[in-house]
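A.B. asks: Could you put the whole structure together from the sequences, leaning on the hints where they help?
Here are the chains, one letter per residue:
There are 2 protein chains.
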Amino acid sequence: MTNTTVTAPKGFRAGSAACGIKAGGALDVGVLVADAPCSAAAVFTQNRFCGAPIVVGREHMLSGKLRAIVVNSGCSNVATGRQGIRDARTMCKLVGDAIGTPSGQVLPASTGVIGEFLPMDKLTVGIEQAMRSLSNSASAGKRFVRAIMTTDLKIKQACERVRVGRSTVTIGGCCKGSGMIAPNMATMLGYITTDAKVPPARLRRLLQAAVEPTFNRVTVDECQSTSDMVAIMASGAGGALGSKRAEASFTAALLDVCASLAYQIAADGEGATRVLEIVVTGAKTAADAHAAARAVAVSPLVKTAVHGGDPNWGRIVQAIGQTAVRYKPEDVVVRLGRTVLFRKQAPTRQLDKKKLAGLMRKKHVTIGVDLGAGKASDRVLTCDLSREYITINADYHT
Amino acid sequence: MTNTTVTAPKGFRAGSAACGIKAGGALDVGVLVADAPCSAAAVFTQNRFCGAPIVVGREHMLSGKLRAIVVNSGCSNVATGRQGIRDARTMCKLVGDAIGTPSGQVLPASTGVIGEFLPMDKLTVGIEQAMRSLSNSASAGKRFVRAIMTTDLKIKQACERVRVGRSTVTIGGCCKGSGMIAPNMATMLGYITTDAKVPPARLRRLLQAAVEPTFNRVTVDECQSTSDMVAIMASGAGGALGSKRAEASFTAALLDVCASLAYQIAADGEGATRVLEIVVTGAKTAADAHAAARAVAVSPLVKTAVHGGDPNWGRIVQAIGQTAVRYKPEDVVVRLGRTVLFRKQAPTRQLDKKKLAGLMRKKHVTIGVDLGAGKASDRVLTCDLSREYITINADYHT
Numbered sequence: 004m005t006n007t008t009v010t011a012p013k014g015f016r017a018g019s020a021a022c023g024i025k026a027g028g029a030l031d032v033g034v035l036v037a038d039a040p041c042s043a044a045a046v047f048t049q050n051r052f053c054g055a056p057i058v059v060g061r062e063h064m065l066s067g068k069l070r071a072i073v074v075n076s077g078c079s080n081v082a083t084g085r086q087g088i089r090d091a092r093t094m095c096k097l098v099g100d101a102i103g104t105p106s107g108q109v110l111p112a113s114t115g116v117i118g119e120f121l122p123m124d125k126l127t128v129g130i131e132q133a134m135r136s137l138s139n140s141a142s143a144g145k146r147f148v149r150a151i152m153t154t155d156l157k158i159k160q161a162c163e164r165v166r167v168g169r170s171t172v173t174i175g176g177c178c179k180g181s182g183m184i185a186p187n188m189a190t191m192l193g194y195i196t197t198d199a200k201v202p203p204a205r206l207r208r209l210l211q212a213a214v215e216p217t218f219n220r221v222t223v224d225e226c227q228s229t230s231d232m233v234a235i236m237a238s239g240a241g242g243a244l245g246s247k248r249a250e251a252s253f254t255a256a257l258l259d260v261c262a263s264l265a266y267q268i269a270a271d272g273e274g275a276t277r278v279l280e281i282v283v284t285g286a287k288t289a290a291d292a293h294a295a296a297r298a299v300a301v302s303p304l305v306k307t308a309v310h311g312g313d314p315n316w317g318r319i320v321q322a323i324g325q326t327a328v329r330y331k332p333e334d335v336v337v338r339l340g341r342t343v344l345f346r347k348q349a350p351t352r353q354l355d356k357k358k359l360a361g362l363m364r365k366k367h368v369t370i371g372v373d374l375g376a377g378k379a380s381d382r383v384l385t386c387d388l389s390r391e392y393i394t395i396n397a398d399y400h401t
Numbered sequence: 004m005t006n007t008t009v010t011a012p013k014g015f016r017a018g019s020a021a022c023g024i025k026a027g028g029a030l031d032v033g034v035l036v037a038d039a040p041c042s043a044a045a046v047f048t049q050n051r052f053c054g055a056p057i058v059v060g061r062e063h064m065l066s067g068k069l070r071a072i073v074v075n076s077g078c079s080n081v082a083t084g085r086q087g088i089r090d091a092r093t094m095c096k097l098v099g100d101a102i103g104t105p106s107g108q109v110l111p112a113s114t115g116v117i118g119e120f121l122p123m124d125k126l127t128v129g130i131e132q133a134m135r136s137l138s139n140s141a142s143a144g145k146r147f148v149r150a151i152m153t154t155d156l157k158i159k160q161a162c163e164r165v166r167v168g169r170s171t172v173t174i175g176g177c178c179k180g181s182g183m184i185a186p187n188m189a190t191m192l193g194y195i196t197t198d199a200k201v202p203p204a205r206l207r208r209l210l211q212a213a214v215e216p217t218f219n220r221v222t223v224d225e226c227q228s229t230s231d232m233v234a235i236m237a238s239g240a241g242g243a244l245g246s247k248r249a250e251a252s253f254t255a256a257l258l259d260v261c262a263s264l265a266y267q268i269a270a271d272g273e274g275a276t277r278v279l280e281i282v283v284t285g286a287k288t289a290a291d292a293h294a295a296a297r298a299v300a301v302s303p304l305v306k307t308a309v310h311g312g313d314p315n316w317g318r319i320v321q322a323i324g325q326t327a328v329r330y331k332p333e334d335v336v337v338r339l340g341r342t343v344l345f346r347k348q349a350p351t352r353q354l355d356k357k358k359l360a361g362l363m364r365k366k367h368v369t370i371g372v373d374l375g376a377g378k379a380s381d382r383v384l385t386c387d388l389s390r391e392y393i394t395i396n397a398d399y400h401t
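Heads up: the sequence lines are chains U and H, in that order. My numbering applies: residue 4 is where the first sequence begins, and numbers increase by one. My numbering applies: residue 4 is where the second sequence begins, and numbers increase by one.
Misleading hints may appear alongside valid ones.
Remember, identical chains collapse to one label, so a pair may be satisfied in a single copy or spanning two.
What the hints assert, rightly or not - Cut-off 27 Å, straight-line C-alpha distance, at most; resulting in silico cross-link-like pairs (DSS-like, lysine-lysine): (1) Lys357 <-> Lys25; (2) Lys347 <-> Lys96; (3) Lys125 <-> Lys200; (4) Lys356 <-> Lys125; (5) Lys356 <-> Lys25; (6) Lys125 <-> Lys357; (7) Lys287 <-> Lys331; (8) Lys68 <-> Lys356; (9) Lys358 <-> Lys145; (10) Lys68 <-> Lys331; (11) Lys25 <-> Lys68; (12) Lys347 <-> Lys247; (13) Lys358 <-> Lys25; (14) Lys145 <-> Lys331; (15) Lys331 <-> Lys365; (16) Lys378 <-> Lys287; (17) Lys366 <-> Lys347.
Derived from the structure by calculation, the hints contain no laboratory data. Predicted model only: the values in this text are computed from it and were never measured.
C.D. replies: Below, the structure is given as structure tokens:
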């Protein structure tokens, strides 16, 4: 089996353990360790009640160097005050001590219920166990992803190999994220490894550019998590991005990895049965395009209609009408797939409802909105809203 | 039986009919007719793809005079271009002709599916029939409310009698609204009648003041309707608001009617099993207080947790953290009922989860957030988010 996980790039090992934070013996501790300190970059949630691991993680990222990442699932260590900060530091120290690295080179993360303290006795045992299981095998990489999952039903990973100069470098990525997903900087836990050689400042620039059109364009429920981040580590064990052309290839591959992971998040949104892609064109500015796409993507009425395969497209118009985006109503055109539904403030005559219902029932539904006000465009991914979302979230905690 | 409907104030009759726009012979046309032209005021939706009846209604309200209101349910006449405008005018003309009034003194409204043309043949018959059924009885008033309902499960009405000087005036109100409810000017169809004598400009001022803290503080799904309005007609057949004291009494009674109707909307929100009241105190400005309250009220994660009676209060903190509202995280206090959950960035020790779950399972759940940043406060009403909301909206159209 070809390794397509985060351990595919040279220089990385992953480990995991089940320490009892999650019920039923599920994996709940993951560690990702590089053979040597890596160039690294990360983006973090903008939620102001961010978790303790975010506070500590931001501090640790200042150096632009990482040796390891440690994650637990089942408890997010958010809204936990000073005790939470101490616990996040302890997580880093346990990993740092085990590999003889300052704990400042370890990035911590926790995901799960907000407002509870980490059970540090269990977690200490779990981290020790995870460290003992370190391996660069594909199965270790896959188990790492399972260890960071919460309500995710599917493992989310992506891998690209790309020629840079005379060598081939690999990018491996994974993420977790299903609910509490909003299109704002860092919307889930995402970890990317590469054996390309890229200095920290450049890596940060490349990561931000890749995150913006991918992870920052996914919404499940427009709830911005308190815990989330995307981090990348570059071991340099593969090859350097010497030429402009090599950097362009690498950039494209990194974008592909992020786009694939972002799509997987939308497809595995809590309770999702379809992916919904909103494409807005003809906006006056990029901000307008984004706002319009987002207005449709967050509408529970649009999302439930898509869920039911109900061609109730008037709700798309309603959502656009609610925004402050600049357009003249008479210029707006709304499409479902390639079918024009609405133009000149009226429905297209002879709309075939059965055909529309069919378009709404696809695995991937595309809604197009042309605002007729300019040349800017944007695209947001989301999923339908189902009873299952309610079931998952009404009983998550208990 | 005392009449507590919109026909309770002197000078109003209501009529209704079932003309086949709604399935199963349900009432779908309502008319509310005053014995003589009334002083009137209305507020309308701010959605920019507003329906044809809104366009026509705004025009008709310029005079500040109304003789009648005509409403159909089952089809909203929104996104219907010029044909829609013609149809809304026809509705007014049919009523105006029947009572010998210019159609400019008739306020039209339509509610239901967006993007379909009104079946004018059926509706013409329905309006004629509704006009023949006009009566000032309580049952006629009640049937009018049923005629304007869409996904509402309950009839929503409120009535107050108030002493002004030597006479007693009556205010009767009714509304429909269950989904597509957002806290923005005019969130449903609401009709208020009174036999007090109040000139149009004053009536508009009083209506706006009453709508702001009531209808504009309810959200079900944060979707702003394209059709909605609140209108008031004052027949003057009761008494005038002579003194300041009389006006104050009338204002208070009008506020009570609106507050009662708004509460009934939250309680009958699509799929609702509980009312959720978010009270924000200690905000720097009124706008901050409103934004914070609204952030919690629109969170599907908070709303599903309340639905499940799951004391997952960390989601309240998450929602507040997502806003741009000014506060220091360490000053924020979160309460459920009277129980403090979160203070100084950490959970209160010894939180009894069973007790919290009990508080979450009440018919009326109050979430308190003190931002510790100033003296402004606000309050938003919403409901829990249940599987039933999805069921209703996934299959609404078909």
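A.B. asks: Taking the hints in turn, state whether each one holds.
C.D. replies: Tested hints:
no., hint, result
1, Lys357 <-> Lys25, "between (45 Å within a copy, 20 Å between copies)"
2, Lys347 <-> Lys96, "between (63 Å within a copy, 26 Å between copies)"
3, Lys125 <-> Lys200, "neither (37 Å within a copy, 73 Å between copies)"
4, Lys356 <-> Lys125, "between (56 Å within a copy, 22 Å between copies)"
5, Lys356 <-> Lys25, "between (46 Å within a copy, 18 Å between copies)"
6, Lys125 <-> Lys357, "between (55 Å within a copy, 24 Å between copies)"
7, Lys287 <-> Lys331, "within (11 Å within a copy, 36 Å between copies)"
8, Lys68 <-> Lys356, "neither (57 Å within a copy, 41 Å between copies)"
9, Lys358 <-> Lys145, "neither (41 Å within a copy, 40 Å between copies)"
10, Lys68 <-> Lys331, "neither (50 Å within a copy, 31 Å between copies)"
11, Lys25 <-> Lys68, "neither (31 Å within a copy, 65 Å between copies)"
12, Lys347 <-> Lys247, "neither (47 Å within a copy, 50 Å between copies)"
13, Lys358 <-> Lys25, "between (45 Å within a copy, 23 Å between copies)"
14, Lys145 <-> Lys331, "neither (50 Å within a copy, 40 Å between copies)"
15, Lys331 <-> Lys365, "neither (31 Å within a copy, 46 Å between copies)"
16, Lys378 <-> Lys287, "within (6 Å within a copy, 39 Å between copies)"
17, Lys366 <-> Lys347, "neither (30 Å within a copy, 46 Å between copies)"
In terms of the numbered hints stated before, the structure departs from hints 3, 8, 9, 10, 11, 12, 14, 15, 17, listed from lowest to highest.
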